[in-house]
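Kindly produce the complete structure, drawing on both the sequences and the hints.
In order, the protein sequences belong to chains F and G.
Reading the first sequence from the start, the letters are residues 91 to 203 in my numbering.
Reading the second sequence from the start, the letters are residues 7 to 117 in my numbering.
Since the hints were derived computationally from the structure, they do not count as laboratory data.
Note that the structure is a prediction, hence the values are computed from the model and not measured.
Heads up, a few of these hints could be off.
Claimed, not checked - Once the Cα atoms are required to be at most 30 Å apart in a straight line, the calculated DSS-like pairs of lysine-lysine come out as:
| # | chain 1 | residue 1 | chain 2 | residue 2 |
| --- | --- | --- | --- | --- |
| 1 | F | Lys-147 | G | Lys-104 |
| 2 | G | Lys-9 | F | Lys-147 |
| 3 | G | Lys-9 | G | Lys-75 |
| 4 | F | Lys-143 | F | Lys-101 |
| 5 | F | Lys-160 | F | Lys-143 |
| 6 | G | Lys-104 | G | Lys-75 |
| 7 | G | Lys-58 | G | Lys-75 |
| 8 | G | Lys-58 | G | Lys-104 |
| 9 | F | Lys-101 | F | Lys-160 |
| 10 | G | Lys-104 | F | Lys-101 |
| 11 | F | Lys-160 | F | Lys-147 |
| 12 | F | Lys-160 | G | Lys-104 |
| 13 | G | Lys-58 | G | Lys-9 |
| 14 | F | Lys-143 | G | Lys-104 |
| 15 | F | Lys-147 | F | Lys-101 |
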Amino acid sequence: DAGITQSPRHKVTETGTPVTLRCHQTENHRYMYWYRQDPGHGLRLIHYSYGVKDTDKGEVSDGYSVSRSKTEDFLLTLESATSSQTSVYFCATRGAGGTYEQYFGPGTRLTVT
Amino acid sequence: DAKTTQPTSMDCAEGRAANLPCNHSTISGNEYVYWYRQIHSQGPQYIIHGLKNNETNEMASLIITEDRKSSTLILPHATLRDTAVYYCIVRPSQGAQKLVFGQGTRLTINP
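Right under this line is the structure:
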């Protein structure tokens with residue numbers, strides 16, 4: 091499972107507060123991804139990273155920012171959480187070169203009240 | 007733009023082969039077919055991928071039609087632990103590989 095951990099695993103926060111989710115990997119994978127999963131929508135890509143300090147937007151990036159200052163850590167920040175950002179967030183990683191599969195973390199359940 | 011069509015749900019008896027179809031009629035020449043599954047509340051799990059040849063690994067077999075417009079994932083001897091949502095995804099293998107998940111097929115294995 092590529093040694094992926096996510097923290098926190100569960101969080102309840104209030105509308106308007108900043109929230110940061112952390113993804114940590116131990117496999118030295120080049121690519122890292124943040125997805126969100128909501129009922130009726132499947133998983134949707136928020137942001138991804140193709141190297142340290144190299145990030146790009148996915149299909150649902152509004153309201154989110156990311157940072158990757160080390161290979162092993164990819165942070166997702168909600169600058170001002172809204173109720174529409176209540177979701178389950180999954181981090182994934184993938185190695186470089188000819189590797190094909192993405193490995194997913196256990197997920198973070200975020201509730202914004 | 008998931009570019010794939012899968013049945014919403016399927017049932018299969020334990021011990022039998024589960025055959026999950028996927029249509030991807032607009033697949034491009036450089037796009038691979040990937041299969042992932044998601045067991046309740048867990049992160050998705052990679053199963054298998056292929057370009058044009060049939061593929062087999064310890065989890066499953068992937069049969070791709072000659073025109074590459076459809077494929078079938080085969081779980082040869084389904085167990086109760088194979089109950090999950092199965093996603094068929096087509097993407098290029100190069101670059102960032104931004105996966106686009108559709109609704110998938112909810113496979114239920116019955117005892």
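Which hints, by number, does the structure contradict? none
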